[in-house]
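> Residue strings, one per chain:
2 protein chains.
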Amino acid sequence: MGLLESTIAKVEPQSDEYRQRATAHILNLAIPRWSLGRVFDLAVDLCGITRSMAPPVARKHIVVMSGDHGIVSAGVSEQPQAVTRLVTENFTQGKGSICILAEHAGADLTIVDMGINGDVRHLTDSGKVLDKKVANGTASFTQGPAMTRAQATAAVEAGIEIAEKLAVETDVFGMGEMGIGNTSSSSAIVAVMAGIEDISTVVDRGAGLPLEKLQVKIDAIKSGIELNRPDPDDALDVLGKVGGFEIGGLAGLILGAAAHRKPVVIDGFITTAAALIAHGLCPDAAGYMIQSHGSMERGHPHMLKLLDKKPLFYLDLRLGEGTGAALAMNLIDAAVKVMTRMATFEESNITEEGL
Amino acid sequence: MGLLESTIAKVEPQSDEYRQRATAHILNLAIPRWSLGRVFDLAVDLCGITRSMAPPVARKHIVVMSGDHGIVSAGVSEQPQAVTRLVTENFTQGKGSICILAEHAGADLTIVDMGINGDVRHLTDSGKVLDKKVANGTASFTQGPAMTRAQATAAVEAGIEIAEKLAVETDVFGMGEMGIGNTSSSSAIVAVMAGIEDISTVVDRGAGLPLEKLQVKIDAIKSGIELNRPDPDDALDVLGKVGGFEIGGLAGLILGAAAHRKPVVIDGFITTAAALIAHGLCPDAAGYMIQSHGSMERGHPHMLKLLDKKPLFYLDLRLGEGTGAALAMNLIDAAVKVMTRMATFEESNITEEGL
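If you read the sequences in order, they're chains G and X.
Take the first sequence: its position 158, counted from the start at 1, is 168 in the numbering used here, and no numbers get skipped.
Take the second sequence: its position 244, counted from the start at 1, is 254 in the numbering used here, and no numbers get skipped.
One thing to keep in mind: the hints can contain errors.
Which copy is meant is left open, because identical chains are indistinguishable; a pair holds if it fits in one copy or across any two.
The calculated lysine-lysine pairs, modelled on DSSO-like cross-linking and capped at a C-alpha distance of 27 Å, are [to be verified]:
(1) Lys105 x Lys175
(2) Lys138 x Lys347
(3) Lys347 x Lys20
Hints in this document: simulated from the structure, not taken from any laboratory.
Construct the complete structure from the given sequences, taking the supplied hints into account.
If you want it as structure tokens, here you go:
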């Protein structure tokens, strides 16, 4: 049994017992019933995930994975592919948006080369970027599969390895990505997995594609799906045929986090595509996902429906890098504090009848 | 000229110059255009409010005001009036929800007796609660005005005095309230100021009024408005006839914060009613308000429309006390960090054409 299968075998659903205990505790707090709403929902999730009434959340770690996409050659992005490498380099210099917001969140940051099309050995050799490169970018899925099935497995297992390595020092995982063209792969993944016929309903402008070029992107994704015919019931097939290396790595990170009973905070459109792959491989993994924000991309609600997730907030973010996941960390801390520190009716001068 | 008039005279609109400078800076950041969405909108507001490209936000102070409401005698609440005093006492013992979330936000907390119906001198004498009591609760506005016009002015001026006192040590104000029955006053205020005929569209269940008693609340508010006929163009008249002492105090806090060019974070339904009063007294004060969350109360969207505000998040909160304002503080810090620390195109290896 390979690492992927053994990891999936370790993933159990959230603990119903701890969800029930957490719910009972919250209902016994000396305030109007469930009056902190989704903060309490989040607290119940954290208890169910960690099997604890005082979920540990202090040690946060955001993993940002970079990878390139062959479909860029079809004109789906205004940015040249080299931007994936350049922005990843910026991450190592503390310049990326996620560097600022990870520090703000009190989160450690690991940058991973899952498949940048270019040489970043100066960064991996110095330890600033983790080397999990599967290949120098995917092939364009308009002309054949983006990657082989073996590469898809390798990408997911690389993500699992990272989660395994970090799990001993991490309470909460966060996810981010960088990859020019990766909204195209993400749109293809949701189209296939949700069985959406009209591709245009899940394709959007990514980092700022001009409206007049949107049809090019729609056509490229449509033809790629028709050519490759990914099997929606086989998530590795979907990942391999229309996905990306960083998407596979992030799916693996989720599985590894779930196997270790750690919450993993999903960011926006691309990380949610990775969540769809993880969910396809292991439905119980969804219980470990915390959806930070709702993306501006029109395909995102379709993804959330498949995962049965509701974002914590909508801030019109469309930057990626894990910025939304970083912004959610503060709410996770708040959820644990209200769970563990608020007074119950017994501890208070307020009676339940009085509220 | 009294304190109210002199304070209103000091309030200027947000600075257009700083809004424009902030916008230009954000458009020059080496990321896709405006890709942190509402976090950037918030940054522009903070710059326009503080007249600074690096808005000071470190020193946060949440002011929670308590007051009682005579309309409780009409059966509009399940909670007895004594709960206002009991919960206010809990605040001084660190037990209130806002105590936990203010600490989480790194915010100082001031508790104010604006009009608790009962003796809290043991708390005001020891300095744990600020004594600004106008009276022992309002009269029921089903039988006449809730307070005199002089009391309404006194309540607002008390809030101004608190803002004046705290302004030297505060960068960001937050607002909270406690007052059994104060959703009824808040519904009445929005009904009057928005000219809403069908009162039922702005009346909801507050802290958990059973559905079968909602009609009692609707009828009480409706008859109170018909009896008092508050003038929507005279905010002091509205406050006096159907408002509450803590609502008046909070309106004053907003005016004082605005006069000192400090942002003030609005919480939920009741604090937004106070914002309507402040806006009615001084339309430019709205520029200093930051709307934290969208309340569960059905009247809240009507208020936000009058103020032209969009909440930062919706978390199904209905606790009050300033809990939503506290949760927004982290986003304010984040907005300033991205404003001041992200790399511009000049500082980056990315060209604008490359993005």
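> First find the shortest C-alpha distance between Lys347 and Lys20 inside one copy, then the shortest across copies, and answer within, between, both or neither for a cut-off of 27 Å.
neither (29 Å within a copy, 40 Å between copies)
> Which holds for Lys105 with Lys175 at a C-alpha limit of 27 Å: within a copy, between copies, both or neither?
So Lys105 and Lys175 pass the 27 Å test inside one copy only (26 Å; across, 40 Å).
> Which holds for Lys138 with Lys347 at a C-alpha limit of 27 Å: within a copy, between copies, both or neither?
Cα proximity of Lys138 and Lys347: across copies only (23 Å, versus 34 Å in one copy).
Hint violations for this structure: number 3 only, all remaining hints satisfied.
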